[in-house]
Amino acid sequence: MTQTTIAKAVNQGLRAAMEADPKVLVMGEDVGKLGGVFRVTDGLQKDFGEDRVIDTPLAESGIIGTAIGLALRGYRPVCEIQFDGFIYPAYDQIVSQLAKMANRSRGSVKLPVVVRVPFGGGIGAVEHHSESPEAYFAHTAGLRVVSCANPADAYWMIQQAIRSEDPVMFFEPKRRYWEKGELDIAAGPALGLHDARVARAGEHVTVAAYGPMVKTALDAALAAEGDGVSIEVVDLRSLSPLDLGTVIGSVEKTRRLVVVHEAPVFLGLGSEIAARVTERCFYALEAPVLRVGGFHAPYPASRLEEDYLPDLDRVLDAVDRALAY
Amino acid sequence: MTDSGVGALDQSVQLVQLLTPEGERVEHPDYAFDPDPATLRSLYRDLVLVRRVDTEATALQRQGELGIWASLLGQEAAQIGSGRALLPQDYVFPTYREHGVAWCRDVDPVTLLGLYRGVNLGGWDPNAHNFHLYTIVIGAQTLHATGYAMGVQRDGAVGTGDESRDTAVIAYFGDGATAQGDVNESFVYASVYNAPVVFFCQNNQWAISEPNDRQTRIPLYQRARGFGFPGVRVDGNDVLAVHAVTRAALDRARRGEGPTFIEAFTYRMGAHTTSDDPTRYRIAAEVEEWKLKDPIARVKVHLSRGGLADQAFFDEVDREADGLAAHVRRSCLEMPDPDPDEMFAFAYREPHPLVAEERAWFAEYHAGFADAASLEAGSAEVHGGAR
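Taken in order, these protein sequences are the chains called R and A. For what it's worth, my numbering labels the leading residue of the first sequence as 1, then goes sequentially. For what it's worth, my numbering labels the leading residue of the second sequence as 326, then goes sequentially.
Misleading hints may appear alongside valid ones.
What the hints assert, rightly or not - Where chain A lies over chain R, by a calculated footprint (3+ residues, C-beta under 8 Å):
#1 57-64
#2 108-114
#3 118-127
#4 201-211
If you're looking for bench data, these hints aren't it; they were derived computationally from the structure. Glycine included, C-beta positions come from ideal geometry on N, C-alpha and C.
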C-alpha cells in the first residue's frame, strides 16, 4: 500500500501495461522526452524507446487516424490528446472511424485503441483547456467512455481500458492529477472497468458524480454531515456503458438523486441518468432527479470559472432542494 | 482572381507514359515495364472484366437493385495498373471506387455490391485480402494507411531485403481528397516517420461538380515536394506506365526509403455516382476528348497491331466478361436482406449492457409482429373456412 497521485498512478498503469504487452504503444504530442505537459508519460520513452512512445506531429486527427492504422496492424495504441478542447480536430476519426469500423467489418477487425483525455476546468487555464466533452462520445455507439477519480482507479482502469477489445475514451480529471490517495497493487483491481462504486454510504440523498466532481461530492457529503444530512456518493466511473444498477440500488434506499458534472447540464450525462432513473424508480422517488453542472454558455475566462463550475455549495443547494420535496 | 497559377506551372509538368492513346509503345528514361505477351493479355482481360462489372452494377442501380453505385468508368488502367503491382503482403486502403483494385486483391465483385445495395456496410474480411473496407469519408483512410505503415515499420517488415517480408501500404484517394486535412496530415506523418506508404491519387479531374482548380493551384504531384517526398504524375489511362510507376514506389517503400505520391492523371467518364448529373457542370466536348484516351482501347490496339492477340482472344474475354456480369447480377438479386439483429451484433466486441438490453427488447418487439401476423393469417383461414 502506497500513497500516490492520479498522474503518477496513470503513469504506473501505462508502464505496467507496456511491460505486460509489447504491442502497447503510447502516442501523442510531447509524450516522449517531455513526458507530457502533465508529466503523465514521464520516463516512458526513456525506458521503452521512441518506437513505443511516439512523439507525434501536432495534428490530433493524425494521432487518432494513425492509431487506427496501428491497431489494424495488431498494435494497442494509447493516444494522449493534450487538452480536452483539442480533441475536436480528431472528432471525425473518433466518431466516424474508431467507433464504427469494427461494426462496419462485422467484427472481422478490432480497434483496441485508448484515447486519454485530461479534461475539466479549475486550473486557471486559457480557453479550450478546461472543457468536458465526454457526452459527445458517450452518445456514440462503438465507444466505451470512462473516467477515474482516484489513484487506485487511475492505475487499474487505464490497464483495463488498454486490455479492452473495444475503443475506450479515458477521461482524466486534470485538476485532480496531484491529489493523493492509496494504491495497493498487490490487492489487484476491486472493480471492473464499467462498474460504479459507492464512494461513501449515506441515507438521505444520493449524489452521483464522476471524474473531478467525485471529490466535490465527497466534500459536500462531509459538510452536510454537520447538518445531520447523510449523503451517499456514487462514483459512476463508467459513462458508457453506465452501471445503472449501482445507481438504482442507491436511489431505492435514499429515494432522492442529484447528478453532478462539470459539463453543461443540457443534454449532459445527468439528463440520461435522470431519465433512466425516473423510468426505473418512479415509485421509489420522493423528488425529481436534480442535475448540477455547467451552464449553457461557453466555458468562461478563468477568473469566472469558480462561478461556472459546480462546487460544494451548488451540490448542497441541490441536495437541499431534493430534500425539500 | 487570375488564372495564371495552374496554367503557368502546367508547362513544366512531366507525364510518365509508356503506351500512347494510339497504342504506340514509348520509352521513359526513369520507368520501364516490358510485360511478356501473356501478361499484357492478362492486363487487358482485367481491364475489360472490371469495366463489365462496373457497367453491370450501374445497370443494377438503374433497375433499382442498388441504392447507389460509384462507377470506375475511365479509371480502369489506374486501378489495374497499380493493383497488379502489389505483392500479397502489401495492404490496400481504398476509397469507395476502387472496384478494380479489389479485383486485383481477389475480392469477389459481388461482395462490393453489399454496401451499395444496403445489405451491409462493407461485406468482406479486410485481412483475408489485405484490402481494407471502403472508406466513404473523403481522405480518412490515408491516415489509417499511414498508421498501418508505421506498424509495418515496428514489425521490422521494411528494408530487410526479403521479398516475401518487406511490406508496402498503398492509400487510394481522389483529387478532391487532396484538400482534406486528414490527407495533408497523413503526408506529414508519413514523411516525418519515413513510413512505407504510397499515396495513390486518381486525379479524375472532378470532385463531384468541382473541377481541379477548386482544389489546387498547382499540379497535385508537385505538392509532395513540400512534404519532403517525391511526387510523380503518370498517365492514369496507361496501364503499363501506372504499373511501372506504382511498382517503383512500392519497391521504394519496401526498401525503407519512405513515401511516394503518385498522381494518376485520368478522367471520370461517368457521373460521380448514379445520383449525380454531370451535364449540369461539364461540357460534352471534354468527355469526347477523353474518350480518345480510353485506357482499354489503347491496349487492344497495341495487342492487335503487335500480333500479340487475335480476335479469338478478344471474343473469349468478352464472353468471360458477360459470364462475370451474369454472376454479379444473379448474386446481387439473391443477396438476402440482413437479419435486424445484426444492427446490434457487432456494435461492440465485448459485452455492453445497454446494447444487450436494446437488442433483447427489439427482438421481443419484432417477434410480436410475427405473432400478430400469424394470428391474422390464422384468423383469415378461419374466416375462409366459415365461408
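Hints, verified against the model:
no.	hint	result
1	57-64	holds (count 5)
2	108-114	holds (count 3)
3	118-127	violated (count 0)
4	201-211	violated (count 0)
Going through the hint list in order, the structure does not satisfy hints 3 and 4.
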